[in-house]
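Those protein sequences? They're chains A and B, same order as listed.
All the letters of the first sequence, read from the start, carry residue numbers 1 to 254 under this note's numbering.
All the letters of the second sequence, read from the start, carry residue numbers 1001 to 1266 under this note's numbering.
In short, the hints are calculated from the structure, not lab data.
The reader is advised that the hints may include incorrect statements.
Unchecked claim - SDA-like cross-link-like pairs, simulated, lysine to any residue; straight-line CA separation at most 25 Å:
id	chain 1	residue 1	chain 2	residue 2
1	B	Lys1050	A	Gly30
2	B	Lys1084	A	Arg104
3	B	Lys1050	A	Phe189
4	B	Lys1084	A	Val23
5	B	Lys1084	B	Glu1094
6	B	Lys1050	B	Ile1209
Said to hold, decoys possible - Short derived list, chain A residues pointing at chain B, Cβ under 10 Å:
id	residue
7	Gly30
8	Ser40
9	Tyr180
10	Gly186
Since the structure is predicted, the reported quantities are computational estimates derived from the model, not experimental observations.
The C-beta atom is built at its ideal place from N, Cα and C for all residues, glycine as well.
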Amino acid sequence: MWIRSAMTYRTSFVVTVFGNLAVTGLDFVGILLMFSQVDSLGGWRLPEIAFLYGLSVTAFGIADLVLGSMDVLGSRIRDGSFDTLLVRPAPVLAQIGADHFALRRLGRITQGAVVLVWALATVDVDWSAAKVLLVPVMVISGAVIFSAVFVAGAAFQIFAQDASEVQNAFTYGGTTLLQYPPTVFGKDFVRGVTFMLPLAFVNWVPASYVLGRPYPLALPEWAAFAPPLVAAVCCALAGLAWRAGLGSYRSTGS
Amino acid sequence: MGSGRLYAAVAAGGFRRYATYRAATLAGVFTNTVFGVILVYTYLALWDEKPHLGGYDQAQAVTYVWLGQCLYSTLAIQGGGAEKDLMDRIRTGEIAVDLYRPADLQLWWLASDLGRSLFQLLGRGVIPFTFGALFFPMALPTDVTSWAALLVALLLAMVVSFGIRYLAALSAFWLLDGQGISQAVMILGIFCSGMVLPLNAFPGAAGDIVRALPWAAQLQMPADVLMGETDPLGAYAFQATWAVVLLAAGRLLQQAATRRVVVQGG
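Bound conformation, chain B alone (with noise of 0.2 Å):
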């Protein structure tokens, strides 16, 4: 169980380093809570207009939103979490000391992440969604399952969201420049996560294709979970397999990866 306890360690660093800034968390706390606001504003003006669109009344619409905000940079839906330390470290070359590491490499970028995912979630999340429950109209649940139910859903999220964002980092093996790979990461996570629109309310085609992608499993998922618009096990049976998809495709690019790399004067 040692290695255990030394990815127990790694994840408790993840989340203590992100505690440090606390003055950048609170200003982080007021931005989402700002954007909730704008955006409740136009699901609303929406929502009137076309009332159950997606099959969401406005409470629920308007609990989508603030659940958005709350889950924003906790799964770093627009990118910025472990993976730019990762792309940073590939291109200076300092992958080379971490592949020397007694450790796994993806399991320890994991475990850092996953602490960094938890720090936000309650440093940065909790807050928002308690302002929004507090002044707007929301379809919370009053039962404990629910809310339990939920925190399954969100653990799963944070693993699909590593795994896309560790793909994404494993490039700068190859391009070694990460910006473009970075804006890539950002506009399909905020534009497939649904934090644009719910991806339920995506018309056509469009929609189904946008619900059985894996960023769908990040926010659509723990939204539906937690107000009770699918089964649960249905979502995590979703999530899972792709977290493992994900995962498998992230070893054997990583398998490809550190065959490549060549340190200087070695």
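Isolated chain A, as found in the complex (with noise of 0.2 Å):
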């Protein structure tokens, strides 16, 4: 429905998307400036780097497009029709993730994968078939895991009624943290986003076993592997936080 109805303005769709396109791209821009001025960032040259954005973003863009509108949670609790979506007969979570879809968030993905395609063609590498194989294993992983960390968001904004910037924090943070190399941040910032919110398994710990450089932390070589089991267990993680949200929920209502 959602669908049919952004169609029904096709010109004014089309020029969302390329907006989409455009605030999204400013990223990459924004490292290309950094790139016009230096050779590398934290010891990583730009078509590792592409890789690396390459990778987050298209696996971000993945979990927005389905679980994006979880944003809007917030405003639907506080004006209660999040009501009506508990007595409906379908899955809560289908029905926000269904709320708004919008498919101009098309945008971010085909942004980010033609980074990703660029940064394949251009990034210096020894290609094996485990390695050819874990690129589209970690998108997908890294979707699911960014998936979890939306509905884990949601969860939280149940408990904190309005809060929805605090998800903000994880998912559009988590998203540009992941463009940059782990070399950049302090170590206990790494550890925090390996071992407590596991995103270093979206695109740093792969990617290095792909690009052939030190895992973040000395992690064993294994661990490259590892997405989509730690996928699995913040899918685990993150359903029972949403079933305690929901189980909290206590309407607007006195």
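Could you fit the two chains together into a complex? Lean on the hints.
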């Protein structure tokens, strides 16, 4: 329904997709600007950082397309329309995902994919079967990990009522963080996004394997293949958080 | 002096309205702090690679980041201030009611937006900035005059920011749907204000252009005034010129726009 409604205003749709492309593309323009001044950042060269960027943005874009409507949850709770979702005979999570499902978010995926393809073509890598296979696995696991973050954030919004911006710190903040190599950040910071909020498995760890760089925090060799496992665990935890959130929900009325 | 009191009351209303959303303010503080930390690390890596980029040392680059996070919502760099409400009122036609009020439309919205800015500065800006000063080495002046100079630059930055967004909002009289314009405000704001990279680190001709545009009055000028990188009077002149130009353009556009208003049934 949302797709059809968006397609009704075809020009407006095209314009917003392009607008979205431009807004999200600014991050990469920013990186290009930095590289107009230097040859490497944290010891990583442009194609390698583009690889990180492409992986992060594409994975995040997929999660955003499916679950990006989560940030309206706060206002739905405030105006009481969240109750309507609860009494409908369909999973609440699916309803929120479909709420204002916006194809214009394709802009972000497209932009991430373009950078990823460029990075794959220019980066200096000895490709093996394992490395080639790891790329799609990273994108899908990354999308699942980001989705779990979205769901956990939504659960938090039920507790905190009106705090959708906290979620932005982890979702948008997370994808921004992963666009830069782990060597840029402080060790405790990297520890946090590896073990507490396992964003490092979206690209840092597996990409280090593909690029033949030392792993962040000197993780063991097999960690590069852990993303699907990490994604599954994240999903389970986010699911628990979501159920706890729903269970504690008190409507806005007294 | 009756009208002065009126606009002061409008500004106070703008302040109070944003002060009501306490959870949202706290959430914003948290988000700005997280983004500040991420940005600081990337800037430090960049300045490691190329010391004195744009004439800043590392401590100055860090200061720039935290001032940016402090001013992000204060100056509505991404949009989302008074212009959002104004666009809504134009689209729904409620603007006709505003035009009947015995108050000046532009001054009314300026006052309301200044109230909002002031709240965002105190409620959302100061904490991330203080956090940055506590945990990262910053180049902060110790004399009162530099801080006083910053306040003047901030006030001018608020007016320039409003001037840009007011023009954008008035375009809704012709376009009705403000989405495209809001997107343009966002892109230009983030990029040309120097949220991505300080404007003095932009290379070549691109750098000369962005440093001459009104967006440079929002973050670059206050930062340079605070850190003593520029002569405050020169910075004020730059900001004030743009403020006057933008407000005058807003006034002209407003006159053209209000002639277009056709009230239903009237």
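Checked hints:
no.: 1; hint: B:Lys1050 - A:Gly30; result: holds (16 Å)
no.: 2; hint: B:Lys1084 - A:Arg104; result: holds (21 Å)
no.: 3; hint: B:Lys1050 - A:Phe189; result: holds (23 Å)
no.: 4; hint: B:Lys1084 - A:Val23; result: holds (18 Å)
no.: 5; hint: B:Lys1084 - B:Glu1094; result: holds (14 Å)
no.: 6; hint: B:Lys1050 - B:Ile1209; result: holds (23 Å)
no.: 7; hint: Gly30; result: holds (4 Å)
no.: 8; hint: Ser40; result: holds (6 Å)
no.: 9; hint: Tyr180; result: holds (5 Å)
no.: 10; hint: Gly186; result: holds (7 Å)
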